[in-house]
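**Student:** Produce the entire structure from the sequences given, and follow the hints as far as they go.
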Amino acid sequence: MSMNLLRLFSNRKASAPVARERLQILLAHERGLRGQPDLLATLREEILAVVSRHIQLDPEKVTVRLDRGPTVSTLEVDIEVPNNFEQTKVHAGRRVGAV
Amino acid sequence: MAKVLVVTSGKGGVGKTTSTAALGAALAQNGESVVVIDFDVGLRNLDLVMGAERRVVFDLINVVHGVAKLQQALIRDKRLENLWLLPASQTRDKDALTDEGVGRIIAELRTKFDWVLCDSPAGIERGAMLAMRYADEAVIVTNPEVSSVRDSDRIIGMLDSKTVKAEQGERVTKHVLITRYDPARAARGEMLSIDDILEILATPLLGIIPESQDVLRASNVGSPVTLNNADSAPARAYFDAARRLMGETVDMIVPTERRGLMNRLLGRRAA
Numbered sequence: 015m016s017m018n019l020l021r022l023f024s025n026r027k028a029s030a031p032v033a034r035e036r037l038q039i040l041l042a043h044e045r046g047l048r049g050q051p052d053l054l055a056t057l058r059e060e061i062l063a064v065v066s067r068h069i070q071l072d073p074e075k076v077t078v079r080l081d082r083g084p085t086v087s088t089l090e091v092d093i094e095v096p097n098n099f100e101q102t103k104v105h106a107g108r109r110v111g112a113v
Numbered sequence: 002m003a004k005v006l007v008v009t010s011g012k013g014g015v016g017k018t019t020s021t022a023a024l025g026a027a028l029a030q031n032g033e034s035v036v037v038i039d040f041d042v043g044l045r046n047l048d049l050v051m052g053a054e055r056r057v058v059f060d061l062i063n064v065v066h067g068v069a070k071l072q073q074a075l076i077r078d079k080r081l082e083n084l085w086l087l088p089a090s091q092t093r094d095k096d097a098l099t100d101e102g103v104g105r106i107i108a109e110l111r112t113k114f115d116w117v118l119c120d121s122p123a124g125i126e127r128g129a130m131l132a133m134r135y136a137d138e139a140v141i142v143t144n145p146e147v148s149s150v151r152d153s154d155r156i157i158g159m160l161d162s163k164t165v166k167a168e169q170g171e172r173v174t175k176h177v178l179i180t181r182y183d184p185a186r187a188a189r190g191e192m193l194s195i196d197d198i199l200e201i202l203a204t205p206l207l208g209i210i211p212e213s214q215d216v217l218r219a220s221n222v223g224s225p226v227t228l229n230n231a232d233s234a235p236a237r238a239y240f241d242a243a244r245r246l247m248g249e250t251v252d253m254i255v256p257t258e259r260r261g262l263m264n265r266l267l268g269r270r271a272a
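Protein sequences, first through last, are from chains A and B. Just add 14 to wherever you are in the first sequence, counting from 1, and you've got the working numbering. Just add 1 to wherever you are in the second sequence, counting from 1, and you've got the working numbering.
Mixed in with the good hints, there may be bad ones.
Said to hold, decoys possible - Incomplete in silico selection of chain B near chain A, CB under 7 Å: (1) V147; (2) V150; (3) G158; (4) M159; (5) D161; (6) G190; (7) M192; (8) D196; (9) I201.
Said to hold, decoys possible - In silico DSBU-like cross-links for lysine-lysine, where the CA-CA straight-line distance does not exceed 35 Å: (10) B:K79 / B:K4; (11) B:K113 / B:K70; (12) B:K113 / B:K163; (13) B:K163 / A:K75; (14) A:K27 / B:K70; (15) B:K12 / B:K70.
Don't read these hints as lab results, they were simulated from the structure. Cβ atoms here follow ideal geometry from the backbone N, Cα and C, with glycine treated the same way.
**Tutor:** Written out as structure tokens, the structure is:
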């Protein structure tokens, strides 16, 4: 009782409901991801495989990033290609043109 | 039938070791034969909380590697003859534990004790995985705080997928033990309530351990809180939790500090 009166005067809002809501939203999201293979790792691997068919790449120079926005998310793929890639033959008899 | 119970949490510092010692002692005080195992290889502390730090000769890793027999590594509690400790190694790293070795030791302990309590290290790495691997039951120690609840949720997911029971299509029986709970702050809306936590984690409650100075006082002197001050609020809460583990139905209350008349009149906290 006295505590409630105190809060009335101190104008401090209860923070527990905020904690509860944040947790509910976060855990709903995390539980959805659980048990699924790592999406970014899979994407990175497959992108690397496709591009490597045409251009010799350093696997370390491939980064895949996913930024979650409130309405849309962006998938950012950053591949560093060596300058002489046009001369690099990957498969016998096949040359790779400019991309 | 022996029961293997893991005390786990994901997050560090929430009271796993304190709870392992207190629940282990409380079960033993109720006449059960109990062994508590420290799985925190490299950072052992259960020996210290139990007051057996100077009696460690061999450890879990020594037994896994066949350097010592189980009987040589087990330390009997000085106060309770049916309470035993299997300490972790302080010098080796967590990779020294093998799945097969841990399985062998747990199987052997099952034949000798009513309860095998596994004190998990924090995190979700190898040590934590092995601590829960062979469990029949799990106590998930949770503080009323967002990061602890989130990590508990993660650990619950692992208990449902990475344990031997889960792989066999069975279920580990899970219980949430809420520690460091402050009923006054929860009533003021400054702390997640018990209902909030249980609703979020969707796991039954084993007990509510109130925040108390008695916990530190007990670990200072190397005694499980149920042995050090059996009348204290946290000790009574751990006794209730232990009786629930044994299958009894016990009303869920948050024990409060018992204050003397003079202290109450003067509004002082018991020192």
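**Student:** Check the structure against each numbered hint from earlier and tell me which ones fail, lowest number first.
**Tutor:** Those not satisfied are hints 4, 5, 8, 14.
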